[in-house]
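Visitor: This is what each chain is made of:
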Amino acid sequence: MTTVAIDIRGVSKVYNPGSNQAVQALDTVSLTINDNEFFTLLGPSGCGKTTLLRLIAGFEQVTGGEIMLFDEEIENLEPSQRPVNTVFQHYALFPHMTVAQNVAFGLERLKKPQAEIDATVERVLSLVKMKELGDRRPNQLSGGQQQRVALARALAPSPKVLLLDEPLSALDLKLRQNMREELKQLQRETGITFVFVTHDQEEALAMSDRIAVMSNGEVQQIGAPTDIYEHPVNRFVADFIGDTNFLDGEITSVNDDLVTCRVGSESLFEAANSGNHSVGDQVTLFLRPEKITLSAAGDASRQGRVANIVYLGNQAAYTVDMGDGIELTAQARPREDGNLPFATNDTISVDYSARALRVLAK
Amino acid sequence: MTSSGGLRGYFVRSENARGFSLLAPTLILLVLMMVIPIIMLVARSFWTQSGMIETADFSLVNYQMFFEKKIYLYVLGKSLLISGSVTFATLILAYPAAYFVAFRVKKNKLIWLILITVPFWTSYLLRVFAWKLMLGYNGVVNSGLIGIGIIDEPLGFLLHNVNAVVLTLAHAWAAFAILPIYVSLEKIDKSLLEAAADLGEGPIRSFLRVTLPLSMPGVIAASLLVFIPTVGDYVTPKLVGGSSGIMIGNLVTNMFGRGNNWPMGSAIAVMMMISITLVVCIYLWLISQVKKRSN
Ligand SMILES: Nc1ncnc2c1ncn2[C@@H]1O[C@H](COP(=O)(O)OP(=O)(O)O)[C@@H](O)[C@H]1O
Ligand SMILES: [Mg+2]
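Note that the protein sequences, when read in sequence, are chains A and B. Going by our numbering, 268 is the number at position 268 of the first sequence; the sequence numbering is gapless. Going by our numbering, 187 is the number at position 187 of the second sequence; the sequence numbering is gapless.
Misleading hints may appear alongside valid ones.
[Unchecked claim] In silico DSSO-like pairs for lysine-lysine, Cα to Cα no more than 30 Å straight-line:
#1 A:K129 <-> B:K291
#2 B:K238 <-> B:K78
#3 B:K132 <-> A:K129
#4 A:K112 <-> B:K291
#5 A:K111 <-> B:K291
#6 A:K160 <-> A:K131
#7 B:K292 <-> A:K112
#8 B:K292 <-> A:K111
#9 A:K112 <-> A:K174
#10 A:K131 <-> A:K174
#11 A:K160 <-> B:K190
#12 A:K111 <-> B:K190
#13 B:K190 <-> A:K131
#14 B:K291 <-> A:K131
#15 A:K111 <-> A:K129
#16 A:K129 <-> B:K190
#17 B:K291 <-> B:K190
#18 B:K132 <-> B:K78
#19 B:K292 <-> A:K131
#20 A:K111 <-> A:K160
I should point out that these hints are in silico values taken from the structure, not numbers from a laboratory. Since we're looking at a predicted model, the values are computed, not measured.
Let the hints inform the model, and build the full structure from the sequences given.
Guide: What follows is the structure in structure tokens.
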């Protein structure tokens with residue numbers, strides 16, 4: 001049975017209410033985060049992710065709604081009394097303390113014997129692979145090391161929930177990819193509920209048990225990474241997560257499992273019928289580039305002309321002009337000799353299964 | 001480009017020459033106003049005076065006098081103690097004010113800072129006189145207390161003693177303490193305080209463990225800014241100190257004035273500078289020891 005760690009019920013947040021600088025940062029957000037879950041808040045900058053995290057941590061007060069932590073109302077608890085710890089975006093390490101003192105900061109209040117504190121500090125520091133650097137000051141550490149210390153400091157008091165605000169955004173690519181796996185592993189080992197904030201969809205897909213996609217202070221969709229990627233509920237989610245081809249058109253016929261849709265002036269596309277569609281509906285179809293197979297011109301039903309190529313090393317992104325004002329983006333791998341399979345202006349076949357083409361409500 | 005020969009060429013080529021010429025105005029002013037007078041002061045402290053005649057021969061007679069007559073050492077020691085108390089009192093007054101502006105004031109901080117420093121735009125002398133009016137026998141405090149019936153007769157112990165000197169000096173130098181403390185508090189990243197709260201510390205312990213240590217550079221700067229100049233102050237003790245509030249600066253002015261013994265006055269001034277330097281060095285050494293301990 002799953003326990004609910006955090007229950008966010010219709011939470012709204014308005015900054016500077018009543019003034020002419022009022023900002024609605026969150027608009028009746030509801031979501032539940034399960035115990036032991038790696039939960040990600042994903043959305044573009046300014047959509048309210050940090051605000052939601054700060055409401056959970058207690059640095060801001062809700063304007064409406066309520067937040068329950070393990071079935072307890074926490075509105076009246078000071079940040080210091082909440083069993084959650086935060087990894088701040090810019091780490092917020094205490095510059096006048098060593099790494100070990102930083103990590104011990106949240107432990108000293110618990111009035112444990114010094115030996116026990118030292119043991120915990122050592123254990124947590126080795127968990128984040130920083131055992132050797134306990135005597136350093138934060139300004140003597142690299143960005144990645146500071147990140148680990150911030151993580152260790154937040155983990156040391158054994159919180160029930162760890163809040164992480166874009167903890168990887170200041171790191172360079174390779175380090176970021178390594179830390180992704182380490183964080184995920186750390187979460188599994190400690191069993192602590194992680195609430196992870198990011199604007200990087202790849203990061204979210206790679207690490208999360210579930211993702212909440214946010215935009216403009218509202219939750220757009222909540223689901224497992226595959227759900228979000230394969231079955232986005234609207235154009236915003238489909239667009240924000242990964243690359244997508246969008247085709248705007250009108251439904252011309254509906255079958256049991258397929259709908260036919262007219263795009264442009266006369267091109268017909270068949271797409272999976274996700275229900276509730278009727279002839280004449282204005283809809284958007286979406287098709288992920290990797291669902292399209294490109295091949296040398298042959299007997300395939302659809303053909304197009306290569307309009308543009310973007311070389312990405314392990315693959316190339318092809319923009320194919322399908323005529324009638326329609327362009328599709330697809331991918332192809334370089335051949336074994338390293339050359340790209342098609343050149344600009346080649347006419348090629350474009351194949352995909354009708355089930356890969358999905359209908360989004362407009 | 002013209003060929004760079006002669007004097008101009010020398011300036012173009014020589015990094016040092018250019019540096020010195022850029023520094024020249026400040027350097028000249030500093031030498032004229034600080035270095036030469038101090039050399040003259042030290043030199044004169046080894047001269048002697050008898051009656052109206054000043055003899056420019058090297059002699060240690062003034063320093064001998066300084067250590068023989070107990071009054072000099074006594075007043076010097078008392079001056080250091082008074083300045084120490086002034087520094088302490090100023091920090092106690094200034095820290096909350098600086099804290100308030102840095103953390104509680106959200107808008108128009110500059111206006112608050114200007115308001116805090118406005119009283120210090122008036123003459124130092126006027127401010128000392130203001131305290132004389134406040135604390136005097138028929139002053140504001142006494143008549144106020146009589147007015148609300150707390151006392152029947154004016155309190156005599158308010159003015160003309162050490163406490164009055166400490167109070168007046170602490171007020172006079174408050175702005176010099178508030179500003180450096182404010183700057184060091186303002187520099188503290190507010191997310192550090194959130195981190196402290198997040199890790200379970202309440203406001204008081206957060207202050208003691210994060211805010212106070214991080215503002216120590218400002219506190220140390222403020223204490224030096226107040227301590228060093230107040231040791232030699234002679235206006236305040238003269239006006240509000242009475243006979244018990246006398247400080248080393250009064251002895252120096254005396255020697256340069258009615259006493260008409262400039263060499264002795266110079267020797268007292270030199271001893272004052274040396275003792276201030278010693279106290280400051282010990283103070284900074286203690287601070288560095290405390291810092292080492294905490295690691
Ligand atoms: N302290 C604040 N005062 C006023 N507006 C704020 C404050 N903090 C955030 N906002 C506004 O609230 C919105 C959401 O901000 P934030 O939660 O930081 O977004 P995110 O973390 O997703 O980038 C933004 O429009 C931002 O400008
Ligand atoms: Mg943010």
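Visitor: Does the structure keep K132 of chain B and K78 of chain B at a Cα separation of 30 Å or less?
Guide: holds (22 Å)
Visitor: Checking one constraint from the list: CA of K111 of chain A to CA of K160 of chain A, max 30 Å. Satisfied?
Guide: holds (19 Å)
Visitor: Take a quick look at whether K131 of chain A and K174 of chain A sit within 30 Å of each other, Cα to Cα.
Guide: It holds: about 22 Å lies between the C-alpha atoms, which stays within 30 Å.
Visitor: Check the hint pairing K132 of chain B with K129 of chain A against an upper bound of 30 Å on the C-alpha distance.
Guide: violated (66 Å)
Visitor: Check the hint pairing K112 of chain A with K291 of chain B against an upper bound of 30 Å on the C-alpha distance.
Guide: Roughly 25 Å between the alpha carbons, so the hint for K112 of chain A and K291 of chain B holds.
Visitor: Compare the distance between the alpha carbons of K111 of chain A and K129 of chain A with 30 Å, and conclude whether the hinted pair is satisfied.
Guide: Distance of about 26 Å is within 30 Å: holds.
Visitor: Between K112 of chain A and K174 of chain A, is the straight-line Cα distance small enough, at 30 Å or below?
Guide: Status violated; Cα separation ~39 Å.
Visitor: Straight-line Cα separation of K129 of chain A and K291 of chain B no greater than 30 Å?
Guide: Given pair K129 of chain A, K291 of chain B holds - Cα atoms ~28 Å apart, limit 30 Å.
Visitor: Are the Cα positions of K129 of chain A and K190 of chain B separated by 30 Å at most?
Guide: Status holds; Cα separation ~28 Å.
Visitor: Does K78 of chain B lie within 30 Å of K238 of chain B when you go C-alpha to C-alpha?
Guide: holds (15 Å)
Visitor: Hinted pair, alpha-carbon criterion (30 Å max): K292 of chain B, K131 of chain A. Please report holds or violated.
Guide: holds (22 Å)
Visitor: Quick one, are K292 of chain B and K112 of chain A close enough, alpha carbons at most 30 Å?
Guide: Roughly 25 Å separates the two Cα atoms, so the pair holds.
Going through the hint list in order, the structure does not satisfy hints 3, 9.
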